[in-house]
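Since the structure of chain A is already known, use the hints to place chain B on it.
Chains A and B supply the protein sequences, listed in that same order.
Per the working numbering, numbering through the first sequence is continuous, rising by one, with the last residue being 509.
Per the working numbering, numbering through the second sequence is continuous, rising by one, with the last residue being 296.
These are computed hints drawn from the structure, not numbers from a lab.
Straight-line distance between alpha carbons at most 27 Å, and here's what the computed DSS-like set of lysine-lysine pairs gives: (1) B/199 with B/180; (2) B/8 with B/19; (3) A/505 with B/108; (4) A/236 with B/114; (5) A/505 with B/114; (6) B/183 with B/108; (7) B/183 with A/236; (8) B/142 with A/262; (9) B/11 with A/402; (10) B/19 with A/402; (11) A/389 with B/13; (12) A/232 with B/199; (13) B/110 with A/236; (14) B/142 with A/475; (15) B/180 with A/236; (16) A/232 with B/180; (17) B/11 with A/389; (18) B/19 with A/320.
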Amino acid sequence: MKKRFNPKTSQKIAFTILLLSALVTIIPVVVIIIVVIKNGISAISWEFLTSMPKNGMRAGGIFPAIVGTFYLTIGATIFSLPLGVLAAIYLSEYAKENRFTRILNLGIVNLAGVPSIVYGLFGLSLFVIYMKLGVSILSGCLTLAIMELPSIITATKTALNSVPKQFREVSLSLGATKWQTIRYAVLPYALPGIITGTVLSNARKTGETAPILFTVAAFYLPRLPSSVFDQTMALPYHLYVISTQIPGIEKNITYGTALVLIIFTLSLNLVGIIIRTRLRKQKKW
Amino acid sequence: MNKIGKVKEFFIEKLIVICGSLSIIFVILIFIFLAREGLTFFKYESIKDFIFGRNWYPLSNPARFGVLPLILGSVMVTLGAMAISIPLGVACAFYIAEIVNPKMKDILKTGIELLAAIPSVVIGFVGMVTLVPMVKKIFHLPTGLTALSGSIMLAFMAMPTIVSIAEDAITAVPKRYKEAALALGATHWQAIYKVILVAAAPGIFAAIMLGIGRVIGETMAVMMITGNAAVIPHTLLEPVRTLTATIAAEMGEAIRGSNHYYALYAVGIILFIITFVINFIADIFLHRIKK
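Chain A on its own, in the form it takes in the complex (with noise of 0.2 Å):
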């Protein structure tokens, strides 16, 4: 006969296992970043981020790689931005709930899980080949853009739900159109909530490798891109070259990439966290 824990004891025990999941979970977070830091740091220096490669990517630093990334980023933001904004506006206040909108809710869900190599081929056939746009940072903006979207559709629509609806009562009532009122009494009470969402999934996708393998990422470019149609290097192409194409690197150098990468995350993903906390404890309503 197997013998029976108490329930006491068993609530014990599965607790502790509950506690041990937790923590393997968010142990590998604190050592890779400390890995990173701590073999990362010596290479950090005013010359690794403001030159160009040099050697092959053996020496020098990660300047345009630095520069494209920031490119990209805001590049992105400016197409999926607008599109999203609007495209939430639409389900939050205009869909009813209909067979329509449940198709588009699913469209958004699909997007959101369309693998990011998937979004490579795509931006590829379409922007590079098929609208001509070419290997440059405008089909790679392009591209991650159309990545970005579901997450700031899904940000935008929480931002705008949580905008009681007393404030467009009144504003439909003191006769102002549907337009004004979300322009007016709606959107600019939704608009912390929409940036931080926006930082937040942007942050994400900017550090994105796959997308932007065959859209906008050069290999080896030791200069800045002189315009939207130029191709540029990117922070983590570069870091994916050099740990795996370029024998004999220093190793250094390979961890001080990474740890540029990750600042430039981590730290955009931070500024959302800390704001988004702010904000749920400030709503005045």
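Just chain B now, kept in the frame of chain A:
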């Protein structure tokens, strides 16, 4: 309102409707443009040879485009990753939703959010320099670039998805279920696994599906640590090559308009369909909960 105002409002509202439909438009566009290139491949090769072919030699003469080893590579890495991340992720979600105090909860959630924010190429790189040598040493292998290494790293990448969605599902279980169980004399743990777990099961299932979707679509980390050998794998301790890694690694060298180029798009179609089905199922379950 004056006339200009009315015209302006009319156009703005039309623009909003168009943008609202963008999500589904882009899903369709993605499929069309994958199909445009990918289906060309089947003009020259049979679908059966593609799906069930056991050899992927795109550069040999004659080239062989059998995608079976790549599918099995993806399946093996995904199964390995899910074996780790399902129990850990669901346990972690219960811990966060049911047990921990609010302050610790914030710390854990922020940590998981940061894990989601670490770029996959960084996870791949750290895996390459830390985990891969460890796997090689522990199992006395010629190389540590194996399906196992990939599974472990991918398990952590699936964790944020699984934990956050499972936690939502657990939090959404009505309080009175738990209170009723406690009132009948159950311990907190008994209430968790006999009542809450059952009530939250559809949401947890959706979380697992989305986690699987995340893992199958992951590219960079997997390409860097699984060894990229396009052969049919037999154990977790062999190098494998996934569908995603194949596209990422070979598209750069494939000549536009060649069979190889079209074959990679056909691989993309397979990926698109797999993730579409997975997300569709997950969404049905999530939708059911909302009702």
